[in-house]
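Number of protein chains: 2
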Amino acid sequence: MELRYNAQGLIPAVIQDDETDAVLMLGYMNDDTLRRTREIGQVVFWSRSRQEVWHKGATSGDYLAVRSISVDCEGNSLLVRVRMLGKAVCHTGARTCYFTDIDQVAG
Amino acid sequence: MELRYNAQGLIPAVIQDDETDAVLMLGYMNDDTLRRTREIGQVVFWSRSRQEVWHKGATSGDYLAVRSISVDCEGNSLLVRVRMLGKAVCHTGARTCYFTDIDQVAG
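Protein sequence lines correspond, in order, to chains Y and R. Take the working numbering: the final residue in the first sequence is number 219, and no numbers are missing along the way. Take the working numbering: the final residue in the second sequence is number 219, and no numbers are missing along the way.
Keep in mind that a hint or two might mislead.
[Said to hold, decoys possible] Derived, one-sided and incomplete: chain R residues facing chain Y with beta-carbon distance under 7 Å:
| # | residue |
| --- | --- |
| 1 | 113 |
| 2 | 128 |
| 3 | 129 |
| 4 | 154 |
| 5 | 184 |
| 6 | 189 |
| 7 | 210 |
[Claimed, not checked] Chain Y residues, not near chain R, derived (Cβ > 12 Å throughout):
| # | residue |
| --- | --- |
| 8 | 150 |
| 9 | 167 |
| 10 | 175 |
| 11 | 198 |
[Unchecked claim] Label-pair distances were calculated between CB atoms; the ranges are:
| # | chain 1 | residue 1 | chain 2 | residue 2 | range |
| --- | --- | --- | --- | --- | --- |
| 12 | Y | 198 | R | 171 | 42 to 48 Å |
| 13 | R | 206 | Y | 114 | 17 to 23 Å |
| 14 | Y | 114 | R | 162 | 19 to 25 Å |
Because the hints were derived from the structure by calculation, they are not lab data. Note that this is a predicted model, so its numbers are computed, not measured. Beta carbons: idealized from backbone N, C-alpha and C, even for Gly.
Using the sequences plus the hints, can you model the full thing?
In C-alpha cells, the structure reads:
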C-alpha cells in the first residue's frame with residue numbers, strides 16, 4: 113500500500129490522545145512534514161491557511177509527542193496517537209478542538 | 113460559527129466508536145448528507161470515489177448510529193461519535209480502517 117496524497121499533496125491526520133483516547137484535532141501533512149514528524153517524533157503539520165510548515169507547539173510549547181502512526185485501509189488518511197507535552201491542543205486554550213456541538217452551529 | 117466546507121463542498125468527518133473510543137474511519141459529508149445524517153441518526157457520507165450518497169451500512173448492514181456530532185474550533189471538520197450496529201466499519205471486515213502501521217507503507 114502507498115499513501116494517497118490529495119491534489120494539493122496533503123493527507124489528513126487525525127490526532128488522538130494516547131492517554132485518554134480523545135480526538136484532539138484534524139490536521140494535514142505533506143510528504144515533507146510527515147517525514148519530519150517521523151524523524152523528530154513530534155507532530156509537524158502543513159498549515160493550509162499559512163501555507164507553511166507548522167511544528168505543532170513551536171509557539172505555544174504544547175508539542176505533541178508521537179506514539180504511533182497508522183494508515184487507513186486505502187492510504188487516504190493517518191491516525192496519529194500522541195502524548196500531549198502541554199495542556200492544550202486548540203488555539204482557544206481548550207484541550208481538544210472538538211468542544212462545539214453541531215446544534216450550536218449555524219445551518 | 114459556521115461550517116466551512118472545502119472547494120468540493122465537503123467536510124471531513126472523523127468517526128469514533130462511542131463505546132471503545134477507537135477511531136474507526138475518516139469520511140466526508142456535504143451539506144445534504146450531513147442533514148440526512150442528523151435526520152435519520154445514522155452516518156451518511158458523500159462518496160468521493162463514486163460521487164454519490166453513501167449511507168454507511170446500506171449494503172453491509174453495518175450501520176453507524178450517531179451518538180453526537182461535534183465541530184472543531186474553526187468549523188473545518190466534524191467528530192461523529194457512533195454506536196456500531198454491525199461488527200465492522202472497514203470494507204476488509206476489520207472493525208476499524210486503521211490497522212496498518214506506517215512502517216508497513218511504501219515511502
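Results for each hint:
1. 113: Constraint on residue 113 of chain R satisfied, holds at 6 Å.
2. 128: Nearest chain Y Cβ about 6 Å off; hint holds.
3. 129: Constraint on residue 129 of chain R not satisfied, violated at 9 Å.
4. 154: Violated: closest Cβ of chain Y sits about 15 Å from residue 154 of chain R, beyond 7 Å.
5. 184: 4 Å, holds
6. 189: Holds. Min distance 4 Å.
7. 210: Status holds, d = 4 Å.
8. 150: Residue 150 of chain Y not clear of chain R: closest Cβ-Cβ about 7 Å, inside 12 Å.
9. 167: 19 Å, holds
10. 175: The claim stands: residue 175 of chain Y keeps its Cβ more than 12 Å from every Cβ of chain R (closest is about 19 Å).
11. 198: 16 Å, holds
12. Y/198 to R/171: 42 to 48 Å: The hint (42 to 48 Å, Cβ to Cβ) holds, given that residue 198 of chain Y and residue 171 of chain R are roughly 44 Å apart.
13. R/206 to Y/114: 17 to 23 Å: Since residue 206 of chain R and residue 114 of chain Y have Cβ atoms about 19 Å apart, the given range 17 to 23 Å holds.
14. Y/114 to R/162: 19 to 25 Å: About 21 Å separates the Cβ atoms of residue 114 of chain Y and residue 162 of chain R, which means 19 to 25 Å holds.
Checked against the numbered hints given earlier, this structure breaks hints 3, 4, 8; the rest are met.
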